[in-house]
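Undergrad: If you read the sequences in order, they're chains S and R.
Each residue of the first sequence is one higher than the one before, counting from 1 in the working numbering.
Each residue of the second sequence is one higher than the one before, counting from 258 in the working numbering.
Some hints here could point you the wrong way.
Taking lysine-lysine and the PhoX-like style, the derived pairs with C-alpha atoms no more than 25 angstroms apart in a straight line are [said to hold, decoys possible]:
1. R:K425 / S:K22
2. S:K174 / S:K215
3. S:K105 / R:K416
4. S:K105 / R:K425
Keep in mind the hints are simulated off the structure, nothing from the lab.
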Amino acid sequence: MSTNVQLDIFEGPLDLLLHLIKKNEVSISDIPIAAITEQYLATLELMQSLNLDVAGEFLVMAATLLHIKSRALLPVSEGETDEDEEGGDPREELARRLLEYQRFKDAASELSQRDVLKRDVFVRQAPSTENPAPADYRELSVFELLTALRRVLERLPKDEFHEVTLERITVREKMTLVLERLRIAGRITFDSLFADARTRMDVIVTFLATLELVKIRAIRIFQDAPGAPITIDAAVGLEQASGVIADEQIKEEWDER
Amino acid sequence: MNGEGLRSIVESLLFVAEGPLTLHRLAEVIDGAAKSDITAALDQIGADLEANQRGVRLVEVAGGYQLRTPKENAEWVKKFLGGRPARMGRATLETLAIIAYRQPVTKAEIEAIRGVDVDGVVDTLTERNLIRAVGRKDVPGRPFLFGTTAEFLQLFNLKDLSELPTLKESDQITLPEPAGEGVLAESAEDER
Chain S
1 MSTNVQLDIF EGPLDLLLHL IKKNEVSISD IPIAAITEQY LATLELMQSL
51 NLDVAGEFLV MAATLLHIKS RALLPVSEGE TDEDEEGGDP REELARRLLE
101 YQRFKDAASE LSQRDVLKRD VFVRQAPSTE NPAPADYREL SVFELLTALR
151 RVLERLPKDE FHEVTLERIT VREKMTLVLE RLRIAGRITF DSLFADARTR
201 MDVIVTFLAT LELVKIRAIR IFQDAPGAPI TIDAAVGLEQ ASGVIADEQI
251 KEEWDER
Chain R
258 MNGEGLRSIV ESLLFVAEGP LTLHRLAEVI DGAAKSDITA ALDQIGADLE
308 ANQRGVRLVE VAGGYQLRTP KENAEWVKKF LGGRPARMGR ATLETLAIIA
358 YRQPVTKAEI EAIRGVDVDG VVDTLTERNL IRAVGRKDVP GRPFLFGTTA
408 EFLQLFNLKD LSELPTLKES DQITLPEPAG EGVLAESAED ER
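Go ahead and model the full structure; you've got the sequences and the hints to work with.
TA: Structure, rendered in structure tokens:
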């Protein structure tokens, strides 16, 4: 943002004023308003000539300063003083704000002088987990997955008059196919998994394979934000995942005996 | 369990704890020991670490106890960990200071003190979990009131909010007699 550039120099109009007051070695409670206003406006001009965006707050303060200056220049008669909306020294309110701001500037500098965590002092690091999930992702609930599945099923052609061949794709085979696709693409959307599914059986086998892969922690199912496309990526190295599937296979074969 | 045994247990728990460990939690886990004995053990551990200039020190922070590295080793720890911590800009620090001292406080109240818009800074501080909305002010618009979190105390090595350095009393605002010739003369002079 353009304002940040300018904020790096002076945090705001009060900051600039404090700087000028310090530079002129004058007291906050007795600001030589004409001189300070002049310098304030000159600084704004300089900032503008450097193409820095001068935030509205700086201009508001400029107006305030000019107002105070004009009031100070006006001859004051007894009668008019009473009518005056603020009364008293017009600089008083400004001085009060500057002192208040100065207090917190001091407090901020005292805070930064403390033993700041991860700068001056450190604590034991929390153990990091392997392959941490991308920070901006949110994990999906089973219900959200089921809703997505229903959407896929609804997209299938309604009438299947000629369903003659019964291709037997096992869940295990499908798991390998999904991993193969991840190997090529790195990351795929949930919907693209079903892009060439023709039958309910196709869809359901693919879905079960996906769940199975989540269960053995080979893949992760995520979403960037609620409503965003559901995304799948590998949670561990693909070699490792293939190994797990192979192991599962052996176990099943044993079970079948 | 004797004193040494208790001290050893407390030190182990301090070592494995993820954040500041409260006396309450320690007493809950070490159910055979009286709180006063645990406090004594803590004091002893802290004093030992300090006296022997050890590489970790016991610090009371955010209502609990935590092992932290001493400041004089910061250079080495930083080198080892690599990377650099997010530096806190002046705007962030000033806003945080205002919230810390004035909490619960609204954005408008912070803006009145700083003289600039604080939306972005307040969002950043909220994301960093250093402040949080603690309620709403009962004025038109019902704006959020913000306060600091335990993370804030941890970041600045503070035991609790009362440990915040006291705000310097603002200088007495002594102004010359209102209006009159004084101001006029001075202004004219400044104008040159």
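Undergrad: Now tell me, hint by hint, if it's right for this structure.
TA: To see whether the hints hold, each was checked on the structure:
{"no.": "1", "hint": "R:K425 / S:K22", "result": "18 angstroms, holds"}
{"no.": "2", "hint": "S:K174 / S:K215", "result": "15 angstroms, holds"}
{"no.": "3", "hint": "S:K105 / R:K416", "result": "22 angstroms, holds"}
{"no.": "4", "hint": "S:K105 / R:K425", "result": "11 angstroms, holds"}
Violated hints for the displayed structure: none, as all numbered hints are satisfied.
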